[in-house]
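Undergrad: Chain by chain, the residues:
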Amino acid sequence: MYTLKFDKSICASCETYDCLVKCRYLDLDLDAAKTEKWRLINGEDSIVLSNCVTCYACEEYCPYGNHPFYQIVDLQEEKNIYPAPQPITNQQIKSVSLVGKREREDLKDPVISLCVFPEAKKPIKGKFLNNPTSFMGRDYFCNLMYLHFGKSSVIKDRLPKVIEHIWDDKLSESESKQLICYHDECFGAFSSWAPAYGIDVPFKVIYFYEYLFKQLKKKAHHIKRINAKVAYQRPCSNRLCPEQEHWVDNIFELIGVERVKREFDREQALCCGSILRMQGRDDLAHELQKKNIDDMVASGAEWCIFNCPFCGYTLSELIKERNIKPIMMLDLCNLAWGDNEENREIV
Amino acid sequence: MMEKSYEALIEIVGPKYVSNQPEEVFFYSRDPGISEPHNPDFVVMPGTTQEVQEIVLLANREKIPIVPMGASLSLAGLCIPLRNGIVLDMKRMNRILEVNETSRYVLIEAGVSHGVLQSYLNKNYPRLMHSIPDAPPMNTIGGNMALFGSGHLSQETGFHTEMVQGLEVVLPTGEICYTGSCSVVPKWFARGPLPDLAGLFLGWLGTTGIITKLSIRLYPKPRKKDVLIFVTENPDFIPDIVYNITETKMAEDINIFAQPKPDWAEGFQQTAIYITGNSEEEMSFKRGLIRRSLHKYIHNKKGGFMFVLPMMKPGMMESPIRELSRFADVEKGGGFEYIGVIIAIEDFPQLYRDAVEIAAKYRPKWSIMCRVIGRGHSIMFSYAWPFNRANPEDMEKARKALFESNASGLRNGGVIWKPDIEGQSMMMKMMDPNTVHLLQKIRKTLDPNDIMNPGNWEIS
Numbered sequence: 001m002y003t004l005k006f007d008k009s010i011c012a013s014c015e016t017y018d019c020l021v022k023c024r025y026l027d028l029d030l031d032a033a034k035t036e037k038w039r040l041i042n043g044e045d046s047i048v049l050s051n052c053v054t055c056y057a058c059e060e061y062c063p064y065g066n067h068p069f070y071q072i073v074d075l076q077e078e079k080n081i082y083p084a085p086q087p088i089t090n091q092q093i094k095s096v097s098l099v100g101k102r103e104r105e106d107l108k109d110p111v112i113s114l115c116v117f118p119e120a121k122k123p124i125k126g127k128f129l130n131n132p133t134s135f136m137g138r139d140y141f142c143n144l145m146y147l148h149f150g151k152s153s154v155i156k157d158r159l160p161k162v163i164e165h166i167w168d169d170k171l172s173e174s175e176s177k178q179l180i181c182y183h184d185e186c187f188g189a190f191s192s193w194a195p196a197y198g199i200d201v202p203f204k205v206i207y208f209y210e211y212l213f214k215q216l217k218k219k220a221h222h223i224k225r226i227n228a229k230v231a232y233q234r235p236c237s238n239r240l241c242p243e244q245e246h247w248v249d250n251i252f253e254l255i256g257v258e259r260v261k262r263e264f265d266r267e268q269a270l271c272c273g274s275i276l277r278m279q280g281r282d283d284l285a286h287e288l289q290k291k292n293i294d295d296m297v298a299s300g301a302e303w304c305i306f307n308c309p310f311c312g313y314t315l316s317e318l319i320k321e322r323n324i325k326p327i328m329m330l331d332l333c334n335l336a337w338g339d340n341e342e343n344r345e346i347v
Numbered sequence: 001m002m003e004k005s006y007e008a009l010i011e012i013v014g015p016k017y018v019s020n021q022p023e024e025v026f027f028y029s030r031d032p033g034i035s036e037p038h039n040p041d042f043v044v045m046p047g048t049t050q051e052v053q054e055i056v057l058l059a060n061r062e063k064i065p066i067v068p069m070g071a072s073l074s075l076a077g078l079c080i081p082l083r084n085g086i087v088l089d090m091k092r093m094n095r096i097l098e099v100n101e102t103s104r105y106v107l108i109e110a111g112v113s114h115g116v117l118q119s120y121l122n123k124n125y126p127r128l129m130h131s132i133p134d135a136p137p138m139n140t141i142g143g144n145m146a147l148f149g150s151g152h153l154s155q156e157t158g159f160h161t162e163m164v165q166g167l168e169v170v171l172p173t174g175e176i177c178y179t180g181s182c183s184v185v186p187k188w189f190a191r192g193p194l195p196d197l198a199g200l201f202l203g204w205l206g207t208t209g210i211i212t213k214l215s216i217r218l219y220p221k222p223r224k225k226d227v228l229i230f231v232t233e234n235p236d237f238i239p240d241i242v243y244n245i246t247e248t249k250m251a252e253d254i255n256i257f258a259q260p261k262p263d264w265a266e267g268f269q270q271t272a273i274y275i276t277g278n279s280e281e282e283m284s285f286k287r288g289l290i291r292r293s294l295h296k297y298i299h300n301k302k303g304g305f306m307f308v309l310p311m312m313k314p315g316m317m318e319s320p321i322r323e324l325s326r327f328a329d330v331e332k333g334g335g336f337e338y339i340g341v342i343i344a345i346e347d348f349p350q351l352y353r354d355a356v357e358i359a360a361k362y363r364p365k366w367s368i369m370c371r372v373i374g375r376g377h378s379i380m381f382s383y384a385w386p387f388n389r390a391n392p393e394d395m396e397k398a399r400k401a402l403f404e405s406n407a408s409g410l411r412n413g414g415v416i417w418k419p420d421i422e423g424q425s426m427m428m429k430m431m432d433p434n435t436v437h438l439l440q441k442i443r444k445t446l447d448p449n450d451i452m453n454p455g456n457w458e459i460s
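Chains A and B, in that order, give the protein sequences. Numbering-wise (my numbering), the first sequence opens with residue 1 and increments by one. Numbering-wise (my numbering), the second sequence opens with residue 1 and increments by one.
Just so you know, the hints here were simulated from the structure itself, not pulled from any lab data. All of these numbers come straight from a predicted model, not from anything done at the bench. Hints are not guaranteed to be accurate.
Unchecked claim - Per the computed footprint, the stretches of chain B lying under chain A, defined by three or more beta-carbons under 8 Å from a beta-carbon of chain A, are:
hint: 1; region: 83 to 96
hint: 2; region: 115 to 129
To be verified - Pairs of lysine-lysine residues, derived as DSS-like cross-links and limited to a Cα-Cα distance of at most 30 Å, are as follows:
hint: 3; chain 1: B; residue 1: K225; chain 2: A; residue 2: K79
hint: 4; chain 1: A; residue 1: K108; chain 2: A; residue 2: K5
hint: 5; chain 1: B; residue 1: K296; chain 2: A; residue 2: K101
hint: 6; chain 1: A; residue 1: K325; chain 2: B; residue 2: K225
hint: 7; chain 1: A; residue 1: K121; chain 2: A; residue 2: K217
hint: 8; chain 1: B; residue 1: K91; chain 2: A; residue 2: K290
hint: 9; chain 1: A; residue 1: K218; chain 2: A; residue 2: K8
Even glycine gets a Cβ: it sits at the ideal position worked out from N, Cα and C.
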């Protein structure tokens with residue numbers, strides 16, 4: 001079975017304990033963080049295991065890339081301290097299990113995985129996108145979402161098979177052997193989680209926004225500047241690949257939108273609340289959503305841009321009520337290109 | 001004599017609305033359930049109460065059985081003419097006669113369908129609604145009352161029969177009779193305070209008279225609606241969950257469903273809690289109270305709220321839910337049994353276990369759909385068994401599933417809802433003998449010639 005490449009000595013020699021001190025939800029000072037971290041290092045029970053909201057952020061906060069969050073999830077499972085009620089966890093595990101509906105295709109580059117989001121099928125046909133080929137479905141789904149449920153074992157079981165499916169069915173015959181991941185979660189699974197557990201990924205993964213940016217840039221003269229102030233809802237799984245976050249700014253600059261300066265953006269981004277609700281932490285979800293949206297309003301955002309459809313599902317209605325328009329990044333780019341509303345995703 | 005009766009019926013309703021032709025007789029001889037077909041001699045569609053009266057007088061003279069029929073959607077064979085005679089199709093009597101917006105009731109003819117009334121209210125009285133059963137919209141309100149139906153407001157306000165304020169009935173001997181306030185004053189606003197004669201007709205499956213007009217309650221229609229789904233893996237929790245939710249008085253409707261497909265549904269009980277309100281503030285308050293009422297399950301990790309995708313919500317919040325009608329033909333054979341038992345809430349776990357066992361034996365595709373009635377006084381526990389009518393083996397399995405479902409319901413302290421003939425017989429065997437006697441006495445008194453839907457509620 002795959003095991004996490006977690007180096008205890010790195011954590012043991014850490015002086016900042018950023019993984020816990022910076023956590024927005026645990027409220028630990030340096031001393032308390034040190035105590036709890038040592039418990040985790042020793043594989044002991046800790047309040048971190050029961051109180052972690054699974055926002056993924058400590059993966060970003062760790063200056064050494066030592067995977068503090070993956071270790072927390074492993075320990076949660078080892079000690080049966082699950083973040084969500086058992087029926088919800090079990091239901092989620094069943095909902096996207098592998099189904100054996102594989103389809104072998106000779107896909108032409110560029111190849112995009114749409115994860116399990118059929119609503120992206122239309123907008124991905126946007127004219128500026130160079131006619132990409134795409135696929136989706138449960139047999140190609142990365143399964144990284146089980147980090148939210150303390151279920152590393154499900155990922156360990158399924159992800160290697162999914163990688164094999166993608167390679168055999170979609171990429172092995174392609175020219176570039178590259179996969180563009182529509183969802184941050186897939187990109188994080190292949191670029192962060194799989195290497196952390198020693199799972200080989202035979203293809204190269206490209207961050208979706210990098211692809212969007214480069215396609216727009218190729219025909220920059222065609223772009224209609226949007227001239228809007230926008231808030232960006234950074235998804236949790238972007239914490240697994242923070243080095244890719246700059247593409248958001250690159251795109252915004254290119255299409256003429258202003259990413260408003262606000263408290264809860266970038267490293268301080270707040271969880272959308274969907275996972276918290278599934279975990280039964282409703283009061284916290286409500287509090288975060290209110291803070292987040294108040295912050296968007298106070299900063300003068302007219303639109304809120306999403307990459308993760310789940311963030312969109314969760315926040316769209318709430319932000320509409322505050323007169324902020326929800327829109328997916330892909331749609332925003334389609335608009336900048338002048339595509340009509342036919343290609344809009346549903347948020 | 002048949003020819004004479006046919007001519008007499010034409011005389012009453014006109015030639016367009018009487019038939020004894022085989023192609024029509026065929027359709028009126030059966031329903032989508034597993035009951036054996038029986039041909040009527042005549043199919044008649046009256047247009048007025050007076051025509052109904054004349055038909056009943058004729059039937060008395062000629063001793064012809066009459067089976068009143070709405071849309072024939074009981075699925076339990078309740079409109080199949082067991083002793084032939086006349087099937088009285090009430091669908092022409094479909095006029096909406098009065099809406100009293102202030103006192104919130106509607107006076108309609110019995111053949112008005114739920115779909116027509118819903119759409120009429122949406123168009124003309126958008127602040128009012130009535131309770132809608134989870135049946136195709138063509139099902140008639142009169143028929144639904146005759147079989148003691150329930151619907152999307154039954155959680156808050158009880159069975160549909162409790163929403164009836166007044167009836168116009170043609171008695172089996174031909175008299176036109178009224179119950180409720182309309183029998184005293186020309187207003188249909190209340191069922192009492194009078195001896196409750198409506199009970200002589202509601203739930204009797206058309207054996208004591210023909211409902212021709214009725215007044216039913218309307219309710220304020222909130223502008224907003226949402227659904228929360230609470231998921232558990234242990235049916236033993238359901239009675240307490242229902243108790244806790246109903247204690248908040250915040251839910252418009254509470255349904256519990258279980259099914260083997262899609263994958264994420266198998267093995268779970270899903271309690272759908274519908275909330276309504278006129279502002280987001282009100283909705284949020286209600287959501288909060290309901291969530292808090294189930295906190296102990298979340299805290300113990302034994303139950304939790306599912307994340308309902310926005311694209312799933314519109315379908316789930318429809319009244320009626322059209323997906324249920326699609327499910328009815330999932331076997332692509334036109335056969336569907338949708339039967340139920342009214343149970344005390346504490347009896348849910350055993351019925352659930354029995355139902356899953358019965359399904360495993362006989363039905364690969366199944367669904368259990370339950371509705372809490374009257375803020376936690378009972379549950380309408382229904383089984384949906386779709387089957388392929390063209391496959392005799394499958395029909396036989398469906399028949400066994402039906403029999404065992406009825407038996408399980410009774411064994412576990414329930415009362416069969418809209419029972420087929422066999423279910424009626426099973427219940428009457430268990431019924432207090434004096435009650436059986438009273439039933440028969442009432443029938444004999446009202447229907448001395450035994451013409452009204454004979455075979456039903458009858459000691460064989």
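Undergrad: Work down the list of hints and note, for each, if the structure agrees.
TA: Hint check results:
1. Under the rule that three or more residues need a Cβ within less than 8 Å of chain A, the assignment of the region 83 to 96 of chain B is violated, with 0 such residues.
2. Note: the region 115 to 129 of chain B has 0 residues with beta-carbon separation from chain A under 8 Å; the three-residue rule is not met and the coverage is violated.
3. Only pairs whose Cα atoms come within 30 Å are accepted, and K225(B) paired with K79(A) is rejected, the gap being roughly 40 Å.
4. Restraint check: the Cα-Cα separation between K108(A) and K5(A) comes to about 35 Å, which exceeds 30 Å; the hinted pair is violated.
5. Taking the CA atoms of K296(B) and K101(A), the gap is near 39 Å; set against the 30 Å cutoff, the hint is violated.
6. Note on K325(A) and K225(B): the hinted pairing holds, with a Cα-Cα distance of about 22 Å set against a maximum of 30 Å.
7. Taking the CA atoms of K121(A) and K217(A), the gap is about 22 Å. The hint holds against a cut of 30 Å.
8. Taking the CA atoms of K91(B) and K290(A), the gap is near 53 Å; set against the 30 Å cutoff, the hint is violated.
9. About 46 Å separates the Cα atoms of K218(A) and K8(A), which puts this hinted pair outside 30 Å; it is violated.
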